[in-house]
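Trainee: Each chain, letter by letter, is given below.
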Amino acid sequence: MSEKKQKRSFVSEMLYNNPVFGLYLGICSSLAITTTLNNAIGMGIAVIVVLVLSNIVVSLLAPITPDEIHIPVYIVIIASLVTIVGMLMQAFTPQLFSALGAFIDLIVVNCIILGRAEAYASKNNVLDSAKDGLMMGLSYTFSLIAMSFIRQLLGTGVLSMSNPMTNAEIFSLRLIPEGYEIGIFTQQTGAFLTFAILAAAVTAYKNANDKKEVAKQKAKEAQA
Amino acid sequence: MSLSSLFTIFISGMLINNIILSKFLGICPFMGVSTKLSSAVGMGLAVIFVIFGASVFSWFLYYYALVPLGLEYMKLICFILLIASFVQFVEMFVKKTSPSLYKSLGIYLPLITTNCAVLYVALDNITQKYTLVETIVNSIGVPAGFMLMLVIFATIRERLDSADVPEAFKGNPIALVVAAIMAIAFGAFAGLV
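Chains as they are written, first to last, in the numbering used here: chain A, 623 to 846; chain B, 345 to 537.
Hints are supplied without guarantee of correctness; some may be wrong.
Claimed, not checked - The list that follows gives simulated cross-link-like pairs (lysine-lysine, DSS-like), each with its CA atoms no further than 25 Å apart:
1. K838/A to K828/A
2. K473/B to K380/B
3. K828/A to K440/B
4. K419/B to K380/B
5. K514/B to K833/A
6. K828/A to K842/A
7. K514/B to K380/B
8. K419/B to K514/B
9. K514/B to K834/A
What the hints contain is simulated information worked out from the structure, not anything from laboratory work. Everything numeric in this text was worked out from a predicted model, so none of it was measured.
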């Protein structure tokens with residue numbers, strides 16, 4: 623099983639174990655803040671930082687954490703990290719901080735982070751946990767970028783990014799002429815719709831792949 | 345502070361700024377528990393109770409402990425701990441009084457801790473500088489909207505189960521499409537107040 627896992631490419635691994643579209647974790651923030659690429663990337667980086675650090679701290683503390691109170695302990699660790707990240711963002715990227723609003727604080731209750739602490743970091747060593755956090759954080763960020771790419775493009779017709787520290791524009795591309803953008807994609811409805819379609823696409827990809835693997839297995843058996 | 349302003353807070357929390365459709369919070373239980381009407385009602389009531397209790401406790405904690413001590417920046421850590429212990433309490437209570445409800449809520453009961461709606465309402469009451477009465481009204485209105493959505497959604501999903509849906513859309517994706525359509529409907533409440 624583990625061999626088969628390693629054979630999968632980075633991208634298909636991301637699709638298979640995607641926390642957002644595959645496991646439906648951390649949906650709230652991915653629906654709410656994916657109106658622009660900037661927000662998505664900012665949020666993604668914040669989550670990666672918290673996730674990697676919390677995985678490291680949890681795996682270090684796991685041996686001395688009493689079993690009965692491990693959830694509160696993890697939550698306190700995560701909440702402290704989120705407070706730190708929030709303060710840093712408020713200081714260095716104030717624009718991004720106000721755009722993301724309450725969702726910075728709500729990283730605490732992002733199921734991915736507590737989920738990884740509970741399911742992985744508490745049972746594995748520090749290095750593996752950090753790697754796992756990075757991997758999960760990246761696929762979360764990847765999902766956010768996919769969502770915001772579609773929503774920003776269809777909703778405003780412009781793809782743009784700016785430096786969160788100075789607010790200077792990095793690039794801005796108008797791909798859909800003015801008057802032809804579909805405004806509903808920047809709103810709530812668009813968020814749910816985009817998410818539904820992407821989730822269905824990931825499921826379809828998985829189904830097709832599984833069928834292929836089953837067919838391969840059968841062909842092998844027939845040969846033998 | 346008149347009665348009408350309290351009513352405004354209630355209606356805007358419940359319908360206009362519906363926590364699921366316009367704030368995108370509490371989606372996890374919304375997706376997970378809304379497959380059966382009975383568990384949707386149970387979950388809704390549990391969430392109303394937890395949000396109400398946790399918000400009121402948080403309000404007292406913030407204004408009578410954190411502000412006098414100058415520790416406002418600790419609110420995130422304190423609130424989440426308070427919510428976690430409160431949920432634990434509710435869990436024990438439900439387990440004792442109604443084992444069947446406990447069974448049907450399953451994993452989602454402890455997960456109320458990580459229901460972003462709970463933490464959001466507790467923090468929002470502070471950000472909006474609500475007084476105690478306003479906090480109470482808001483903390484009932486918002487989860488009432490949550491429960492309303494959960495119940496409406498559960499009834500729709502019970503019918504969705506027997507509908508002919510494309511393979512890839514089965515389960516959660518089609519539910520999200522339904523949510524998208526409901527968001528349009530609830531959009532009509534904007535500008536009500």
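Trainee: With reference to the structure, classify each hint as holding or not holding.
Mentor: Right, here's what the structure says about each hint:
1. K838/A to K828/A: Satisfied, since the Cα-Cα distance of roughly 15 Å is no more than 25 Å.
2. K473/B to K380/B: violated (37 Å)
3. K828/A to K440/B: Status violated; Cα separation ~42 Å.
4. K419/B to K380/B: violated (36 Å)
5. K514/B to K833/A: Between K514/B and K833/A the Cα gap is close to 17 Å, so the pair holds against 25 Å.
6. K828/A to K842/A: holds (21 Å)
7. K514/B to K380/B: holds (16 Å)
8. K419/B to K514/B: Distance of about 41 Å is beyond 25 Å: violated.
9. K514/B to K834/A: This hinted pair holds, its Cα atoms lying about 20 Å apart.
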